[in-house]
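Engineer: Given next are the chains, with one letter for each unit.
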Amino acid sequence: MAKMTLEELKKLRETKKRELEKREVTGKDIEITVGMATCGIAAGAKQTLSAFLNELEAQNLSNVVVRQTGCMGYCYAEPTVEIRMPGMPDIIYGKVDPETAVKIVRKHILGKVLINDHILDKPAADIMKK
Amino acid sequence: MHYSIGDYLQDIVQNALEAGSAYTNVEVQETDRFLTVQVKDTGKGMSSEEISQALDPYGTNGSKHPKRKVGLGLPFLLQCIEAVGGEFQIQSEPGKGTSVCFRIPLAHIDAPPLGNLVETFRQILTYPGTHEIRIHRTRGKDSYTLLRSELKEALGDLESAGSQALLKEYLESQENALEKEGIPQIEGEKLWQK
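Protein chains in written order, with our numbering: chain A, 1 to 130; chain B, 1001 to 1194.
Be a bit skeptical, because a hint or two may be false.
[Said to hold, decoys possible] Which stretches of chain A does chain B cover? Using the computed rule of at least three CB atoms under 8 Å from a CB of chain B, they are: (1) 34 to 41; (2) 82 to 96.
[What the hints assert, rightly or not] Using 27 Å as the maximum straight-line C-alpha spacing, the simulated BS3-like pairs for lysine-lysine come out as follows: (3) B:Lys1040 x A:Lys107; (4) B:Lys1168 x A:Lys11; (5) B:Lys1069 x A:Lys3; (6) A:Lys95 x B:Lys1069.
Rather than coming from a laboratory, the hints here were simulated on the basis of the structure. No residue lacks a Cβ here, since even glycine has one placed at the ideal position from N, Cα and C.
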């Protein structure tokens, strides 16, 4: 592979952007945050983050925001991942290995079904109000 | 301990960013004998007492996690350096920043694998914030430089999955253009003597 220049990168982005505009964008308000402190890294959070990005690419969900953060305070259950999206409660999933990351994209984000075995934290207070 | 050298590198960069570094310089130099890594930041820096605390696995200032009694980032690295007979340096000045440098003899049987550097660089470059990061990667005589601001300008944002996919493609092209065999050892020695 020839070494890509920044100009080529810009052009590639423009091409992809045009492709994206052609189809309906579904992932706009979806945020995935992966805990990436010492505990997360030691438990494989780097592989988890890569798995999310690869699966999002495979599913053509390019407008999903994928962020990294420090320790969420659940070192015993790393890698931890927070998912925020419309129509679903805010959830922190624990012990998210690459396989679970793929499951989260397919079931939680696309299928709108919770992955019960990995739910770590209660849904946010706003949806608990009755 | 962490699994790969990339994991240690990412942990140190995360320390730098959490210390409020506006400009972080990362050097990764690979020769036939050594892998040398240097992370220099312009964060809040540490006093000599704070450095000792950061190197002690049972030392933590408690600011991040008030009830926690351990801080394992740098101690993991020290443990690895000790196991492989590598070298480690840390210099810091309060208010000015910190420099962490380590060198690993690659032929040592316990030397950790380099790991996936493309993924490591992508993850380092996409930490949220307005900071600048410069990564200079050398392998033998070949090298490339990455500047977070330039990549952000080219990609628009660094947080969307789409941008990160393009960034991976770009980083792979840089990494694959490096020479594959017969690495001379002069370059890595230079960084260590700085």
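Engineer: If a hint holds in the structure, say so; if it doesn't, say that too.
Structural biologist: Do the hints match the structure? See the list:
| no. | hint | result |
| --- | --- | --- |
| 1 | 34 to 41 | holds (count 5) |
| 2 | 82 to 96 | violated (count 0) |
| 3 | B:Lys1040 x A:Lys107 | violated, 42 Å |
| 4 | B:Lys1168 x A:Lys11 | holds, 15 Å |
| 5 | B:Lys1069 x A:Lys3 | violated, 47 Å |
| 6 | A:Lys95 x B:Lys1069 | holds, 23 Å |
In terms of the numbered hints stated before, the structure departs from hints 2, 3 and 5, listed from lowest to highest.
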